[in-house]
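**Student:** The chain contents come next:
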Amino acid sequence: MASTRPELDPAQPTAPDYRELVHGFTWDHAREALAGLPGGHGLNIAHEAVDRHVDEGRGDQVAIRCVAADGSMTAVTFAQLRQETSRFAHLLGSLGVRRGESVVSLLGRQHEQYVVCLGTLKAGAVFSPLFSSFGPDPIRERLLRSRASVLVTTESLYRRKIAPQLAELPYLQHIVLIGRHDGADEGADERLIGFDEAMAEQPTEYDVAATEPSDPALLHFTSGTTGLPKGAVHVHDAVVAHRVTAGLALDLHPGDVFWCTADPGWVTGTSYGIVAPLTIGATLVSYAGEFEAAAWYRILADQHVTVWYTAPTALRMLMRYGADLPRSHDLSTLRHVASVGEALNPEVVRWGQEALGLPIHDNWWQTETGAIMVSNYPGMPIRPGSMGRPMPGVQVTTLALGDNGRARVEDGKVTPAGVGESGELAVRAGWPSMFRTYLDDEERYRACFADGWYLSGDLASLDADGYLWFVGRADDVIKSAGHLIGPFEVESALLEHPAVVEAGVIGMPDELAGELVRAYVTVRAGLDADEALRLDLVAFARRRLGGLAPKEILFDEHLPHNSSGKVMRRVLKARALGLPEGDVSTMERVP
Amino acid sequence: MTPQDARRAVAAALTAIVPDADIDGLPDDASLRDELELDSLDFLSFVEQLSTRAQVRIDETDYPELATLGSSVAFVVSRSSGA
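For the protein sequence lines, the chains are B and Y, in the order given. Every position in the first sequence, counted from 1, becomes a number in the numbering used here once 12 is added. Every position in the second sequence, counted from 1, becomes a number in the numbering used here once 32 is added.
Careful: at least some of the hints might be erroneous.
Said to hold, decoys possible - EDC-like mimics (lysine to aspartate or glutamate), calculated; alpha carbons at most 20 Å apart, straight line:
1) B:Lys563 / Y:Glu67
2) B:Lys563 / Y:Asp71
3) B:Lys563 / Y:Asp60
4) B:Lys563 / Y:Asp61
5) B:Lys563 / Y:Asp74
Calculated directly from the structure, the hints in this document are not laboratory data.
Just chain B, same shape as in the assembly (with noise of 0.2 Å):
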């Protein structure tokens, strides 16, 4: 089926063929690629991403452009930002953040972002980025997960944010704020530090921490069906994974403009908006505003962007202006285009080529799998809405389905989807950037492993020459807007209203965001479900999740149950989409 699907031109004729890469490759061999730390002492991202550049001579090249949502730019050389990560990583120590404890940031896609994000991986510490749009709720937990002593914020998200409910973050000792004005002290907490003068004080040369590749360095949260999110813990030795799929998969190469739109709050946003590109040596552009059509053409055209991954969403969003904005704009050193966070539907390849002249190669991995591991590689020919082939160096297969609308699993062995046949996409375990266990939650990673495999959760299927097309999610987890959206974390959160009794949350199709958040909700006997009850809703559910929150709100009195008294989101959702009540009785058997 999929295999008859036409083929666009490759934009790179001259890249390697793809049976090429395959053949020669080995992680070792792209492990000579990296500097590792110097008397052979260990493996620091921050040191392949910032000291070595400097080390090797290169230290007066721009290693960020900092764009601000007025268009105006700030550069940071690798030389300064050596001697920023030093200070904070000075500053962590200071403070006396340990090896392995974890940093949260909760920041913007600005400067100092970058100096937390690589000075705590100087001072060993493990970095934890929170995107900033979250509400108190999301936030409050992860903290609270990650155990985190001090947290990076500027002044604004934390008087919206972290103060109202600082006494139920036990953890914190240190709150070092951007932004913060002097004659702000008076009754402050004394937990508060002025980002700025604390940084003054700091030496700007620091021995990186001698880490093994095997120590822990970033810690991304993430969200299942069940429970509240998981805090994937990714270990040093990713960033060979980082390098390698950032040129191979997104044809980045030294001396590149790079520009990924994904939020550093989301692992895109770091696995390929910090550590890739600086760790090949390229540019990267950061742009604090937010979506604008004219503003992203502009940063395109005026930062000379050569390679941009961007989201299936933003780029449908891009669609609805047509062909001529792009046009207007002189975006002649673009040369490779990528997407990734939910599946790019072949309109938006094709729209790509029509627009901007290039075709949009479409790529897929997850927080868990630390980088990308399918991809329509530069040298290869796109199929229009296929995810592409695997990864060098990272066996991927699709795994026969179970009852359970997961893989199958019988004495311990899994057995392979036919070709054309839906099945859960897996990848053989081992490879570099593989997350190495959920925090605190051991028997939850080990469950994402069966026979050697992890179990990505999503469906996809394999056609004839190795291509991935993807399905939808084997669970309740939803994907809109590239971020994915645990039901079960929306649900408490309009529980704790007083007026909900329960509540279910499913993602409903949205041709621009894939799929928006919908939540039905029971409300307590004798209320009345009006308009005035449902806005109070909205706005409650806003207030506590901030971006997670549920675009739709419904009253519901007879949500679908199962045995045990569980509300059952597959059934919803069928109701939702009019599916026969046939498909309601297989869905009753998912756990």
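With the hints as your guide, set chain Y onto chain B.
**Tutor:** Relative to the frame of chain B, chain Y by itself:
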């Protein structure tokens, strides 16, 4: 549409998305997205709401004019009087 009517339409469109938004306390020149924490999808909902309530056509190229409360009101006034 008078500026007062336009302001009411903008306020109604915003409170449809953020029901507890303090529109009266919002400076005319403050970024709506920042102040009300609207993401891209919220912003598009705001555009739809405003288009319906103010009975004006809003094209993608008009979006930058809806950045603040003041600019949104001015946009609705100019667009409705020109129609």
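**Student:** Would you mind marking each hint as holding or not holding in the structure?
**Tutor:** Comparing the hints with the structure gives:
no. : hint               : verdict
1   : B:Lys563 / Y:Glu67 : holds, 18 Å
2   : B:Lys563 / Y:Asp71 : holds, 11 Å
3   : B:Lys563 / Y:Asp60 : violated, 26 Å
4   : B:Lys563 / Y:Asp61 : violated, 26 Å
5   : B:Lys563 / Y:Asp74 : holds, 8 Å
In summary, the numbered hints that this structure violates are 3, 4.
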